[in-house]
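On the provided structure of chain S, position chain B as indicated by the hints.
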Amino acid sequence: SQTIHQWPATLVQPVGSPLSLECTVEGTSNPNLYWYRQAAGRGLQLLFYSVGIGQISSEVPQNLSASRPQDRQFILSSKKLLLSDSGFYLCACGTPSQETQYFGPGTRLLVL
Amino acid sequence: KQEVTQIPAALSVPEGENLVLNCSFTDSAIYNLQWFRQDPGKGLTSLLLIQSSQREQTSGRLNASLDKSSGRSTLYIAASQPGDSATYLCAFPLQQSGGYQKVTFGIGTKLQVIP
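These protein sequence lines are chains S and B, in that order.
Each step along the first sequence adds one to the number in the numbering used here, with nothing skipped, and position 13 is 13.
To convert, take the position in the second sequence, counting from 1, and add 112; that gives the numbering used here.
For reference, chain S alone in the conformation it holds in the complex (with noise of 0.2 Å):
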């Protein structure tokens, strides 16, 4: 089965300095990739959903972007970061075939 590597898994940054959030893929090729972000007392969001290399769709307007560099690589980003921001941002692949999809162990972003 899959296993999904995110880093860093703690973030603190101020506010208006850039982004880069970062996962990584282990055990499937070809998979689709997921950036959700959850925020306290809310239920998770999807942010950005890729199908391949240099596909990327977003799911609501925002301050962040997206990129899929290689197969297995998904990279979430900013150039100037908002406080509205913070949250836990989770990576999630899975592929047509599968009926879920597996989650990395999130990254704790807070904008201060």
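Each statement offered as a hint is correct.
Here's a subset of chain S near chain B, in silico, CB distances under 10 Å, partners left out:
1) Asn32
2) Ser50
3) Ser57
4) Glu99
Stretch-level coverage of chain S by chain B, calculated; a stretch enters the list once three of its residues show a Cβ under 8 Å from a Cβ in chain B:
5) 34 to 48
6) 101 to 111
Since the hints were made in silico from the structure, they are not lab data.
Each residue gets a CB set at the ideal place from its N, CA and C atoms; glycine is no exception.
Same frame as chain S, now just chain B:
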């Protein structure tokens, strides 16, 4: 648009008690229903998946049921243990025409099992 409600938001029970977590949804035209567990500060772990044609799934001390007509699912935990303490989320994965999966999540029920 699917809307998911989980009640209660938090639950505290003594060890050994049987308990039920509830999930209600508005759109009965679902594909699958899934229950996840999330430990504090961690990712999600899939517990049970019920296909739309099924009514329940069991794994060890866990039993999940699905009633599409009433828009409800329950997660039953037998003989609860302190290690069951976590947040439990119900979710509705739906395959999209673009080959990806879109999942609607509930906010979750935070369970604490007291030794």
